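Each protein sequence line maps, in turn, to chains C and G. Count the first sequence with this note's numbering and you get residues 506 to 1187, in order. Count the second sequence with this note's numbering and you get residues 506 to 1187, in order.
Because the hints were derived from the structure by calculation, they are not lab data. Bear in mind that the values here come from a model prediction, so they are computed numbers and not experimental data. You may find that some hints are simply not true.
Same chains, same names: a pair is fine if it fits in one copy or spans any two.
Claimed, not checked - Here are the computed lysine-lysine pairs in the DSS-like style, where the Cα-Cα straight-line distance is at most 25 Å: (1) Lys894 with Lys854; (2) Lys949 with Lys552; (3) Lys859 with Lys894; (4) Lys1016 with Lys696; (5) Lys854 with Lys781; (6) Lys859 with Lys552; (7) Lys552 with Lys971; (8) Lys894 with Lys610.
There are 2 protein chains.
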Amino acid sequence: MSKWIWYYGDFEVYHSLKLHARRDEFGHNFPPFWRLDDCWHNVRFRKEVELQTPEEITVSAHGVGNVEIDGRRHALDEPLLLTQGKHGIMVHVLNPDGLPCIYVKGKTVVSDETWLVNSYGREWVNAGSNALYLEKSVNPQEFGFSYEEIVPVQKNNVDGGILYDFGRETFAKLYVEIQDGEMDIFYGETKEEALDGRNSYLRAHIFPQSGICSRQELEKAPGRVSQPGQGNLETAYGDLKCGQEIPARAFRYLYVVSAPEQTYCLRAYHEYLPLKRRGSFRCSDEQINKIWDTAAYTFHLNSREFFLDGIKRDRWVWSGDAYQSYLVNRYLFFDADICKRTILALRGKEPVEKHINTIMDYSFYWLMSIYDYYEMTGDTEFVRRIYPKMVSLMDFCLSRLDADGFAAQVGDDWVFVDWAEMDKEGAVCAEQMLLARSLEAMAKCSQVIGQSCDDYDKAFVQLREKINRFFWSEEKGAFIDSFASGKENVTRHANIFALLFGYADAAQQEKIIKNVLQNDAVLQIRTPYFKFYELEAMCLMGNQEKVTQRIQDYWGSMLEAGATTFWEEYTPMLPWDGQLAMYGDKYGKSLCHAWGASPIYLLGRYYMGVRPTQPGYKAFEVMPNAGGLDWFQGTVPVGEGSVFVHMQPEVLEVCADVGGGVLLWKGERFPIKKNEVIRLPR
Amino acid sequence: MSKWIWYYGDFEVYHSLKLHARRDEFGHNFPPFWRLDDCWHNVRFRKEVELQTPEEITVSAHGVGNVEIDGRRHALDEPLLLTQGKHGIMVHVLNPDGLPCIYVKGKTVVSDETWLVNSYGREWVNAGSNALYLEKSVNPQEFGFSYEEIVPVQKNNVDGGILYDFGRETFAKLYVEIQDGEMDIFYGETKEEALDGRNSYLRAHIFPQSGICSRQELEKAPGRVSQPGQGNLETAYGDLKCGQEIPARAFRYLYVVSAPEQTYCLRAYHEYLPLKRRGSFRCSDEQINKIWDTAAYTFHLNSREFFLDGIKRDRWVWSGDAYQSYLVNRYLFFDADICKRTILALRGKEPVEKHINTIMDYSFYWLMSIYDYYEMTGDTEFVRRIYPKMVSLMDFCLSRLDADGFAAQVGDDWVFVDWAEMDKEGAVCAEQMLLARSLEAMAKCSQVIGQSCDDYDKAFVQLREKINRFFWSEEKGAFIDSFASGKENVTRHANIFALLFGYADAAQQEKIIKNVLQNDAVLQIRTPYFKFYELEAMCLMGNQEKVTQRIQDYWGSMLEAGATTFWEEYTPMLPWDGQLAMYGDKYGKSLCHAWGASPIYLLGRYYMGVRPTQPGYKAFEVMPNAGGLDWFQGTVPVGEGSVFVHMQPEVLEVCADVGGGVLLWKGERFPIKKNEVIRLPR
């Protein structure tokens, strides 16, 4: 089957560049503060074929170039006859401002990943492709979103304007047609934001006919678009000729201010990726069900070209945020492609000059994510392809270690860890934990592709020993943030990592639980981002019942506060009007942030209890934990198959449509046979 | 004064990418077979200012982004008030498919090279700019060519078509308007090529109205465009609404084939850079005058965004070709900017993975060109800026030396030297000469910017010794091509370099002249490319009279053969119909090739005898040599000034409008005082 092919990884780099050009707020654009690479623009593709019978092929491309057959050049887009026998085909494509890609259509000669591609550098690599681009008519330079018209659930006159409420947070293109005059549209994740024109993040000022005839553009886009005249908000006049399209942005509310006598037409089209939910969860607690649904919706809105942080702000790809999304994805979409896309986009091209997103920890999460991805998929090929970029990033990290061999800030490196007060003087403990985990990932990935892992293993062992020696405080019974400052400050972060990564021995674990996790004197985690790890650590220690309570308290009260998607940050006790500000902006907080979706991961991983024990779920474990719930039931993807876990008040039922599973229940192991239900007393 | 600014070097990289997408032949496009880099697309600019009085500024950009003043972001294109006192201005621009650049207009706050720019890599560098882009309305993403309508000098009906002869080679856009039907245009550097549709390199097939309304485009372009209805070839109907524009290509002849009853309008617009000729030359030999004029015209046609090889084919930027153009340029335009543009475009970005243009010698010429450029301009700043890229290219070259320490082919490196039969087994002597010269250039450039040159000096001395030891054959009295083959083959190339670079001692020089230069048994140089060096070596040895003869013979007979511009290759004795083919194509030879312009260099450098003895012509030498001519007179640029040399039958007159010169005549030195004529008996 023919498909569009390109230089491997360049589809992601190209769309990352386009995506990152789209953040806007307060009427200005806001480019990221890190290097964005572009695809190679001059590439060549080749393939040796041997034909049993003559065959006609046509080579199409985005870009200019030629087709060389057995050393003779021909034009693109022309039928070319290949005679019986062996032929060498080479396609040269130069696309100065886009993604060079080709589509070869013949009876047996077709463009696919078996073609080799080269950017006139040293290596020929197998071409990249994507299941979204199998048809010649679909252009890989346009990301293949789907569209669906959405309508507001409410409309109110407010202060001379009209406030439309779409019922919940969404991400949608607007199509606007006005007869004359000008008009303003203010977007709001909340009613307050939409009505506060001066402070609303997103707005549009519409002049009549200033847009291009973009209705046609919209209709050309993949996915369903409703016909003119159907389901529109306001149809002042039926004949839509030429209007303006406003690229998709986040909102629940739209506040439209125009001259009183003005007539306009406004339509909204939800822009999304049609990802299939393969995971599910239902339980006896309706609030938790609503939390799961809201988390799934939040996560879907942020799963686009890549895993985004938030759909209003930043709409960027952040490695630390993405790392959690990879994990949530396992229990919801189980979509491998979006993981690969995100990993490739984040890393960009050589040479490495700064940390990923400029953040030291985010380089480490990127390295860790490759092994996690391998664990999920068993995709050795991807590891092989990305491995050289892992090595160069790790080389970069190791080249910056301080005299003690720790990763400390160099230049303007951003040492983030979390939005939390922390002692960041000199080497920071949480960063060393992540570096150690990255070294483990390097060693494991080296093994996966048959490379020696000795150096990474050795570095890991040395670092672990040093972390203990420099950061463990017997007096505090905890890992301290920094030894350089002499303050011996304890925060939850490094200690949570120690539990999660297994970097604390039994005695240390006990102390950490007592002195840190269960110690209210230690600063609470305030972001869903780090709550992810905190609750995971609690689950790992078997405290699911407490985690249930925390989920109810934290996510539940967000819902009670009116959230239709989960937020970037949340402090339960604050009044509503103190919730929305962040980064010094009145509505600066993102109210639809991917890292708010962690309950999906926690419930799948530690309640339904499913995890792979061999790469790609060739073997997997199910170790359910009721977590204090009367009952729950749900599905967890395990590679191509699924496992169904039904925790009833009296009985536990587990069933999978693939083999390889084992149920762990009350200290016993029960092999899960394909399509056979295991029933055990609870 | 405000000007457009961008990431230093990216204007060149961007336009190089666009330029290299334009080669077409036989109806298909032909991208170069080397890596083409793109500009950075996400950059930021900054400047600290201190204002005596408040001032309003406006920041415009190509791309999206914002203006941050004292940490607060504002939209682009809006008037912003700066109060009295100090301010930090930071402009963020992301242009996903173009060149990010900004234009800041205020009373005192203006965008210029004092702004710093950063691509979110490690370094902040001073911004790049170009004198072509001082007006906000002129877009740096469009190269600023000028246009002038040209008309054919002859028109003939041939075989049902019409052959237009423009009198001489040119490079022009066509504007075509047809009423109905289709038509073909075949381009020809010769009549034969235009009339041989199957074999002509360049052609266009015109469908009615298939083009965009590009008349307007043309009129928006910088430079003069004649009004519709004036000076057109065929005006079938006066009302030009919508036609097709064919981007500029090389031709002297156009052969138009259309239906007999068809009416059409065809206009041609010469596309050029308005470079000023600062050098001139006239002498007693009319043929040499015509050669100088034709060389100047040839050279001008190839002096565009960058120095091209040829305007029909390849229309690419080649480092070896460019190296000669830098030298010719000194005696014609003395345009520093086109040198810098070409040097920056050729080198592209890090990391180095292949030789420049994939050719080993072309990496060496690139390195050598920087010192040559410095010698011409005294532009220390440029050396400072390009130096890191010199180092990384030299590192690349040195990393590939063989066990003997010689530069030999690695992988698919192209060892070119010249289109000539040569023994290229193992290390090739000419390449080592160029490597040695590059090490010299590295050492000198290091000194220019105050870096240590010891390593390069040492490597140079070692290499020179080894070249002598391995390649000098006492038996042959010459440098041999290769010692690895055991063939002891002698060609002119390495021996010419030995003379030019001073790598032969007096005894060796004598032998080389006798055994190689004056030895007809050694294969003759057939390309104007290497004739450049051969004739230069002869001049250096004082054989100007012979060179005069060679110029008359070689270039003169090209003119007699009908050349209106000088060719890529020429063999005097061949009949006309054997002259045009090359690379296996019937009209494959380029008939307008920059490397054919060397007489300008030879006459300026070795007849008028002008050369800098201090960088930037702070001091210069004039050592005229009549070369057998009765008289000559001419002007040679020397930095900002010019020197005028008039060799009369009885008297020599020299005058300069700047100081610093010294006349060398019959073994004596005469200081040239500003604006004072020196007259000496010949």
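Evaluated hints:
For a Cα distance limit of 25 Å, the shortest separation of Lys894 from Lys854 qualifies both inside one copy, at 8 Å, and across copies, at 18 Å. Taking the shortest alpha-carbon separations for Lys949 and Lys552, neither the intra-copy value of 33 Å nor the inter-copy value of 47 Å comes in at or below 25 Å. Proximity of Lys859 and Lys894 under a CA criterion of 25 Å is satisfied in both settings, with 14 Å inside one chain copy and 19 Å between copies. In this assembly of identical chains, Lys1016 and Lys696 lie within 25 Å of each other by CA distance neither inside one copy nor across copies; the values are 47 Å within and 92 Å between.
Taking the closest pair of Cα atoms, Lys854 and Lys781 never come within 25 Å of each other, the shortest separation being 31 Å inside a single copy and 42 Å across copies. Taking identical chains as interchangeable, the C-alpha atoms of Lys859 and Lys552 lie at most 25 Å apart only when they sit on different chains, with a minimum of 23 Å there against 37 Å within one chain. In this assembly of identical chains, Lys552 and Lys971 lie within 25 Å of each other by CA distance neither inside one copy nor across copies; the values are 51 Å within and 44 Å between. In this assembly of identical chains, the alpha carbons of Lys894 and Lys610 never lie at most 25 Å apart, being 33 Å within a copy and 43 Å across copies at closest.
Hint compliance for this structure: hints 2, 4, 5, 7, 8 are broken, all remaining hints hold.
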